[in-house]
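Undergrad: Sequence:
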Amino acid sequence: MDLPVNPFKRAIMAGQQQIGFWNSMASPTATEILAGSGFDWLLLDAEHAPNDVPGIMAQLQAMAGDTTHPIVRIPVNDPIVMKRYLDIGTQSFLVPMVETVEQAQAVVAATRFAPDGVRGFAGASRATRFGRVKNYHHRAHEELCLLVQIETQQALDNLEAIAAVPGIDGLFVGPGDLSADLGYLGDQGNPVIVELIEKTIHRIVATGKPAGILTGDETLARRYMAAGCVYTAVGIDTGLLARSTEAIAKKFKA
1353 MDLPVNPFKR
1363 AIMAGQQQIG
1373 FWNSMASPTA
1383 TEILAGSGFD
1393 WLLLDAEHAP
1403 NDVPGIMAQL
1413 QAMAGDTTHP
1423 IVRIPVNDPI
1433 VMKRYLDIGT
1443 QSFLVPMVET
1453 VEQAQAVVAA
1463 TRFAPDGVRG
1473 FAGASRATRF
1483 GRVKNYHHRA
1493 HEELCLLVQI
1503 ETQQALDNLE
1513 AIAAVPGIDG
1523 LFVGPGDLSA
1533 DLGYLGDQGN
1543 PVIVELIEKT
1553 IHRIVATGKP
1563 AGILTGDETL
1573 ARRYMAAGCV
1583 YTAVGIDTGL
1593 LARSTEAIAK
1603 KFKA
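Heads up, the sequence shown is in the numbering used here, so the first residue is 1353 and it goes up one at a time.
Simulated from the structure, these hints should not be mistaken for lab results. A few of these clues could be false.
[As the list claims (entries may be wrong)] Simulated crosslink set (EDC-like; lysine to aspartate or glutamate; CA at most 16 Å straight-line):
1. Lys1435 / Asp1392
2. Lys1486 / Glu1598
3. Lys1551 / Asp1509
4. Lys1435 / Asp1404
5. Lys1551 / Glu1512
[Said to hold, decoys possible] The calculated label-pair distances, taken between Cβ atoms and stated as ranges, are:
6. Gln1413 / Gly1591: 21 to 29 Å
7. Ala1599 / Gly1528: 19 to 27 Å
8. Ser1389 / Glu1494: 45 to 53 Å
9. Ala1578 / Gly1483: 29 to 37 Å
Yeah, the Cβ is synthetic: ideal placement off N, Cα and C, and Gly gets one too.
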């Protein structure tokens, strides 16, 4: 059995726009529904959603065979946490709060086996298709996609250096935490923040690495895509469900 390819990584490296959606409901059923909706990628959130490793694995299984690519956001930049999500077959990662070169290097090291990194060896994990993938341990890194989040002023200060770390495949702007860190808590649409994000996207593009972002605002999403984002999440499941059901309730109770 050959190592599964990573179509998402190939697409963003080729500059092909990949439209994504945020999945926070921690439900294989919800994941299966969203994976069939036509998005290029689906974010399985283990940072701000009540997901754990078994729950994420069940959602990866729910997406197996679908054309929508799963990206897992791990809760913290930690090699043991990373190892567990690698072993269940995650190929694309979004890593929160990467602010320095050293933190970016740690992300990469956690995904590489010795002597190139610190990933622990497992001979028959789901990632290896239970020992069936030929040369998995020598080739696994080829199909991994490592995206790091730029969410603070410190990360902005180190952006070009972070982008230059070998093995980092893309930089993702986190509007919520970035705006909070800069004194605009909950005000991601503030013109100051929007302009800063556009400039940040331009800086990422100038490094040669793909830029990404999440926003449920269609106008902003298209604006950031025009600025250079090539993997763009355009909505969140929990928000969509809440607003849609509120509208239905209001319609019939009015």
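Undergrad: Next step is simple, just say for each hint if it's right about the structure.
TA: Hints versus structure:
1. Lys1435 / Asp1392: violated (25 Å)
2. Lys1486 / Glu1598: Status violated; Cα separation ~51 Å.
3. Lys1551 / Asp1509: With Cα atoms ~13 Å apart, Lys1551 and Asp1509 stay inside 16 Å; holds.
4. Lys1435 / Asp1404: holds (13 Å)
5. Lys1551 / Glu1512: Within the cut-off at roughly 13 Å; holds.
6. Gln1413 / Gly1591: 21 to 29 Å: holds (26 Å)
7. Ala1599 / Gly1528: 19 to 27 Å: Holds: the Cβ-Cβ distance is about 24 Å, inside 19 to 27 Å.
8. Ser1389 / Glu1494: 45 to 53 Å: Once the Cβ atoms are compared, 29 Å apart, the range 45 to 53 Å for Glu1494 and Ser1389 is violated.
9. Ala1578 / Gly1483: 29 to 37 Å: violated (46 Å)
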